[in-house]
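Asks: From just these sequences and the hints, can you work out the full model?
One letter stands for each residue in the lines below.
Number of protein chains: 4
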Amino acid sequence: MSAPIWQKNSKATIDEQIMDYMAGEDIILDREIFLFDIQATKAHVRGLASIDILKDVEATEMLKYLDELAEEFKQGKFQLDNRFEDGHSAIESYLVEKLGDSGKRVHTGRSRNDQVLVALRLYLKEQLEQMASFSKESARACLKQAENYKTTPMPGYTHLQQAVVSSGGMWFAAFAEAMIDNLAYIQSIQQWIDANPLGTAAGYGVNLPLNRELTTTELGFSRLQINPIYAQNSRGKFELAALSALSQCLLDIRRYSWDLSLFTTAEFDFVSLPDDMTTGSSIMPNKRNPDLIELMRGSYAVVQGATVELESLLSIPSGYQRDLQFSKAPLLRALKRGMDTLALFPQVITNTTLNKTSLKKAIKTPMYATDLAIELSASGMPFRDAYQQVVERYDELEQRTPEQSLNERVSPGACADLMLDEMWERLKDLG
Amino acid sequence: MSAPIWQKNSKATIDEQIMDYMAGEDIILDREIFLFDIQATKAHVRGLASIDILKDVEATEMLKYLDELAEEFKQGKFQLDNRFEDGHSAIESYLVEKLGDSGKRVHTGRSRNDQVLVALRLYLKEQLEQMASFSKESARACLKQAENYKTTPMPGYTHLQQAVVSSGGMWFAAFAEAMIDNLAYIQSIQQWIDANPLGTAAGYGVNLPLNRELTTTELGFSRLQINPIYAQNSRGKFELAALSALSQCLLDIRRYSWDLSLFTTAEFDFVSLPDDMTTGSSIMPNKRNPDLIELMRGSYAVVQGATVELESLLSIPSGYQRDLQFSKAPLLRALKRGMDTLALFPQVITNTTLNKTSLKKAIKTPMYATDLAIELSASGMPFRDAYQQVVERYDELEQRTPEQSLNERVSPGACADLMLDEMWERLKDLG
Amino acid sequence: MSAPIWQKNSKATIDEQIMDYMAGEDIILDREIFLFDIQATKAHVRGLASIDILKDVEATEMLKYLDELAEEFKQGKFQLDNRFEDGHSAIESYLVEKLGDSGKRVHTGRSRNDQVLVALRLYLKEQLEQMASFSKESARACLKQAENYKTTPMPGYTHLQQAVVSSGGMWFAAFAEAMIDNLAYIQSIQQWIDANPLGTAAGYGVNLPLNRELTTTELGFSRLQINPIYAQNSRGKFELAALSALSQCLLDIRRYSWDLSLFTTAEFDFVSLPDDMTTGSSIMPNKRNPDLIELMRGSYAVVQGATVELESLLSIPSGYQRDLQFSKAPLLRALKRGMDTLALFPQVITNTTLNKTSLKKAIKTPMYATDLAIELSASGMPFRDAYQQVVERYDELEQRTPEQSLNERVSPGACADLMLDEMWERLKDLG
Amino acid sequence: MSAPIWQKNSKATIDEQIMDYMAGEDIILDREIFLFDIQATKAHVRGLASIDILKDVEATEMLKYLDELAEEFKQGKFQLDNRFEDGHSAIESYLVEKLGDSGKRVHTGRSRNDQVLVALRLYLKEQLEQMASFSKESARACLKQAENYKTTPMPGYTHLQQAVVSSGGMWFAAFAEAMIDNLAYIQSIQQWIDANPLGTAAGYGVNLPLNRELTTTELGFSRLQINPIYAQNSRGKFELAALSALSQCLLDIRRYSWDLSLFTTAEFDFVSLPDDMTTGSSIMPNKRNPDLIELMRGSYAVVQGATVELESLLSIPSGYQRDLQFSKAPLLRALKRGMDTLALFPQVITNTTLNKTSLKKAIKTPMYATDLAIELSASGMPFRDAYQQVVERYDELEQRTPEQSLNERVSPGACADLMLDEMWERLKDLG
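Protein chains in written order, with this note's numbering: chain F, 193 to 623; chain P, 193 to 623; chain U, 193 to 623; chain V, 193 to 623.
Fair warning: there could be bad hints in the mix.
The list treats identical chains as one, so a pair stands whether inside a single copy or across any two.
[What the hints assert, rightly or not] Here are the simulated EDC-like pairs of lysine to aspartate or glutamate, each with C-alpha atoms no more than 20 Å apart in a straight line:
(1) Lys548 to Asp467
(2) Lys247 to Glu584
(3) Lys296 to Asp386
(4) Lys296 to Glu567
(5) Lys256 to Glu284
(6) Lys548 to Glu284
(7) Lys620 to Asp483
(8) Lys528 to Glu217
(9) Lys553 to Asp461
(10) Lys247 to Asp483
(11) Lys552 to Glu339
(12) Lys296 to Asp577
(13) Lys528 to Asp218
(14) Lys269 to Asp613
(15) Lys556 to Glu339
(16) Lys296 to Asp563
(17) Lys528 to Asp587
(18) Lys234 to Glu253
Since the hints were derived computationally from the structure, they do not count as laboratory data.
Replies: This is the structure in structure tokens:
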């Protein structure tokens, strides 16, 4: 975070202040998409060569130097900093430095407007790929834990009030199914955004027969984003789709974190986390704070805020307007925070140890009441009578055990029939 | 909007005030999902009969009265009002009235928690079906207009500054492609939420071998939502997915409305709307205000606000908590406003008349500059030279015509090659 | 919620559908501000009379019928329904019915644009007045409970982990100070919005020497909102200020509700609520669900969503645009839900009973560790040594009592010095 | 933006990954508040000395080194980087390095919880001070422009449709009054947050008679934030108040930017901006893009998103929880973007040149219709007749001039009576 404009030394001219304001942190953000920008530039060069705008030898030279630039950037030899207006200029500038005037020809038939679109699109695809992979790992971790704690009794809550007997298996399986659903959601977004905007220039196409089929294939897109005005209007729109997938994942992580936040209190004491997932207190030797869990819980807010930011920016007429530059920051911010959180989730799941003794102790007699009421009412007793019976036969409930209650919970998906195989199957089907 | 609690007459006991507060507008909202609740209740009855919890004759009676209730509700003979706590109670109460104590048996093995989930799920499915249909109509209307105005020159803007020649066809086609994408998005959400939560009770299943396969088939779901805790945790989560689809549609409508808001000004004067889509002024005979367009533009905010409301409600631990009751209002509100807007969009598109004379007049010579620059640079001239040439050969630009510029814009998707057939094709493929 | 447009019978003409869409729920919302609209109309009439636009006798007649209309509306004899386009038309229509053509003269020199502004402004003032009063009552209730539980030991938490001994008094006093701050906040917003927009017409004033000073005094505003364009641009801006005050209140209520949601679990068992503030379960006699608390917690989301909705609507150029019609619904919705919640808060505070036995039992020996460490370090021992000492002298901690710990917590504001008098004092100063 | 966790080399242990995740960008954010942290630490030291926890000589030494640290930080000699967990640790670490074990005594009786609160509070105060100053400058710039263009006719719009004659003076004065209101708003928030949280430790006070009066005076706070639990609960709450003030300013700037975005189009052509406030096109010599204005318009979204982020984070029970660490980033981000924008606003106002010729040309005859209608109706003609008359006497309107229309707009605040003196007066009263 650089010093604010208004704290600058008084020598800066208005012009410098304004240049600074307009540049913002753009160049730093461009680092995230720089390699994709280079990749798309290579495709553009091949496209130009295929329609004879570039000679093959020119194209070959350019491709060589673009690879070199990528390599130097990866190795930290090429710094993307405020010598350049943005990443796009940096690429052109590098080619000009290497190839002289002919380097400038790389920009023929494209505009920074479609250049940033295609770089961001490739970036989104890569992020969604990773997101899918983390969701899959999360689902697997949950399913394994569901198997580990299949028969571990655990109180089930509504309104945070003890309600009926549940199981560790059912609790973990809930997040397994959520993550499988998330995976399916992500995959549909991956498919949805898989369209190539390169070749639409500043939003109105150009008077060149650009080979958009070739660049589409080169870049691995499954279809063309046909219309140039739409390509511009999709800025932010596709980003929102990606964030909606991320939100779905974080929604479940927030809920899991909330559960853990309660379950790790001294009062509940249902869950232990390993030391490297908690933070000690500087003063109380016995205290282990679940900071990690709290940060994971708080991560949803980052994505929610970024989504609102993006949505509000997009209240503008068709065509590029500079407001859209501000769409980059919330996107990258939300993805960074969200993906970091999602990346840790499988480990957190795996390291969630249920305290079986505490769980068992927490199961109180009234939690069997519903079981009995259903038994009675299943056998045909009118409800009011069943209710009365439960109250009268309360002593009888005391003979019941958590295990018995679990075994009888036979409705599909419930404790006695978690349908984990079906979940593994669906996960496998999703690839 | 009933009088606020705190303006009530002083005779109301605290208890009454609180009851009122807790009831809120729930019963009114339930009207929207009442028929789905009845439909799901019928499936539940059949399920209970299939596992012999209900005798066939009991089930038959219940089904008959459930049909009757649906019919009476549709005809306005049965009023869902605050005689009942909610729609669920109303159904049970109706059956009890008709069948006595045995009516109460309808609730065996289910809870209001899975009942509301399944009713909302069916409602969402129906809404998404409708949303898909409106998107399809919108895409068609746009494609037809793109054909109508295929060769109509129109200024193309960046930063709202005149940039290059564009066409009416390209402008309408942009929204066609957007709406086709929206259709694809909606369809993936339809598939995603198509899971049956009925049979999960209060979130922990029950000690009955509920026939969830049968209810899944009966209700036309494509799969089971397996885990009872997940079923609860999906409250709001699935709603958010539906709203994300709606947002995508409204995002484009907002952008179109912005375009129209500009294009209908006296200064631009590019678009005329028919009288029944504008509002006269009470004082200036010549004035036609595009109120409709402004309301369509403002509709996005309703969905955005509702989304934030929902997301914030969901920051709670697993299991049902009463906060979730508040998820109904934003969902229904956003869907009502959003769907009403989307329903009108095809007509608005169809009734957007481009003023060809104004459009032509608005095309100024500098808008050909880019064409020339690209011609020069395509022929190998280094950029700086091309730029210089354009400045020097400015007079030459004056000979150019909009039509010529359009014809030369040959990059795929641009004015000379709108690829409308490919769009019709994709629309057809989406069914 | 009326049937959606697209479910209307097919006979409705496009025109009817659009009229319906544009009307929306506006007339229903206008009921909330109708009396203020009448009140402002009376001031306008007096203003017109003072500059001889209306004869005194005309004005007197109008005033009489305006009072009559207000009376009929309050008694339910005059229905504001969709016979009228909006509340403003209804007033004019009533006067025309009573006074013939001369009734129409009421609208001379004003526009519906300043009419809705002034009615909403008066409404906001009244709501803020009520909000201030509820905050004051809340603060009082908290202070009294702080006195009641001044010396009741209670565990203090960070990260929801038991940290140090705290007290019931300190907990209640926290919300007292919050509510006093909220009161001060509300009062500054009351002052801030206390400006009269009447007399600015459609946003550009009129060619009449309107007596704005007189209407300002008549309506009890403390100053004029001078500029007509600004008056229009303040639509939504002033609403946001009022909602920010409401948010502040609900932020604290949400936090209190969270505390209660935890403290009423069987595991914490720190708080009991009376029966009329909890909901029984239909099946488990022992279960008392804190539904009320959960709804209060969820209320923040309504205000947050409404705020976002409003903010997004306001992304438009200067001057009235129809999007602004949509600012009414989120405002009224947020105020209704928020004020209903705030109205109940004093009672909830008063009826929060601390379970002293549970609280005492919950205080564990490690919670004295910090006390000892501070004693040691206050006496000059370097921190690492003190920490080591605490670990070594752990047994010694067991002799400590909660009361002792409370008594020694002497830093101003802490358990031994709650400074309740200072809070009462500040509350009194705020009037 | 450092590399995401999941792209780290595989050698990082889980523990390192988690440490990294938890640290986040905290240390970088702390740079913004580091000097305030040092300032508050000095006050704490003086407080400890006043109650004899520190000897005077110890305190003197500490104060000296704290000044030194501040100096080194300002000069860039002391780097706040990830050698330290956070800014708080850095301060302690520096003192320990200089003073050995006794350096650790600085932390006696405080916690990082009240330390971050007080540093952020001081930071907020400074930011609000600056915000007030920018608002004042903005108001002044607007008032001057209102004087400059007092009699410049300009079309007035509703629904972006030409409505009546307005003036440059009235347009600028609208933003003047808005900025004066904003100044008043900011000042009330300044007063509201002016409370000292130092001395509340981890949220439960300590067993030391901390001299909170002294630190309050030392740090220039006008009152004590009394209650320790409330001090913790005010984290985020006070930040939201500051952001609501910033939002108010940016709301008006967004609206002004929208106006300029329209007014600088070729079609409107009402406003010229100087070259250093626009961006040239690389290809079209004639094109000047208002990028600066678009970025200013987009700035609201950043604050809106940050507000939502903060609000959602705060849905937690009382007491410190690590989620709150995430409150720093949105606060600093919103303030940076918002303040940078606000800082530029006075210059933008001053450099907005109205094109008088275009403005005059844009005023069309129908814009006088309302004037005539009001004249007629003021003289007693029933409205329908007046309306008919206007239509019939349309030709007569053509004789009217913009100047005449302006002169007759005599309602207070309107073109003929802008009441600029009253605005200057109020601005002066606000100090």
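Asks: Next, verify each hint and record whether it holds.
Replies: We went through each hint and held it up to the structure:
1. With identical chains, the CA atoms of Lys548 and Asp467 are at most 20 Å apart within one copy only, with a shortest distance of 19 Å there and 34 Å across copies.
2. Proximity of Lys247 to Glu584 under the C-alpha cut-off of 20 Å is found in neither arrangement, the shortest distances being 93 Å within a copy and 28 Å between copies.
3. Taking CA atoms no more than 20 Å apart as the test, Lys296 paired with Asp386 passes in neither setting, with 29 Å inside one copy and 52 Å between copies.
4. Taking the closest pair of Cα atoms, Lys296 and Glu567 come within 20 Å of each other only across two copies (15 Å); inside a single copy the shortest separation is 80 Å, beyond that limit.
5. For the identical chains of this complex, Lys256 and Glu284 are intra-copy neighbours only, at 14 Å inside a copy versus 53 Å across copies, given an alpha-carbon limit of 20 Å.
6. In this assembly of identical chains, Lys548 and Glu284 lie within 20 Å of each other by CA distance neither inside one copy nor across copies; the values are 63 Å within and 40 Å between.
7. Proximity of Lys620 to Asp483 under the C-alpha cut-off of 20 Å is found in neither arrangement, the shortest distances being 34 Å within a copy and 41 Å between copies.
8. Proximity of Lys528 and Glu217 under a CA criterion of 20 Å is satisfied in both settings, with 16 Å inside one chain copy and 11 Å between copies.
9. Proximity of Lys553 to Asp461 under the C-alpha cut-off of 20 Å is found in both arrangements, the shortest distances being 11 Å within a copy and 16 Å between copies.
10. In this assembly of identical chains, the alpha carbons of Lys247 and Asp483 never lie at most 20 Å apart, being 59 Å within a copy and 36 Å across copies at closest.
11. In this homomeric assembly, Lys552 and Glu339 come within 20 Å of each other (Cα to Cα) only inside a single copy, at 18 Å, whereas the closest approach across copies is 39 Å.
12. Only between protomers do Lys296 and Asp577 lie at most 20 Å apart by alpha-carbon distance; the minimum there is 11 Å, versus 87 Å within a single protomer.
13. When the C-alpha separation of Lys528 and Asp218 is checked against a cutoff of 20 Å, the pair qualifies both within a copy, at 16 Å, and between copies, at 15 Å.
14. For a Cα distance limit of 20 Å, the shortest separation of Lys269 from Asp613 qualifies neither inside one copy, at 51 Å, nor across copies, at 48 Å.
15. For the homomeric pair Lys556 and Glu339, neither the shortest alpha-carbon distance inside one copy (25 Å) nor that between copies (36 Å) is at most 20 Å.
16. Taking CA atoms no more than 20 Å apart as the test, Lys296 paired with Asp563 passes between copies only; the shortest distance there is 17 Å, against 77 Å inside one copy.
17. For the homomeric pair Lys528 and Asp587, neither the shortest alpha-carbon distance inside one copy (55 Å) nor that between copies (47 Å) is at most 20 Å.
18. For the identical chains of this complex, Lys234 and Glu253 are intra-copy neighbours only, at 11 Å inside a copy versus 62 Å across copies, given an alpha-carbon limit of 20 Å.
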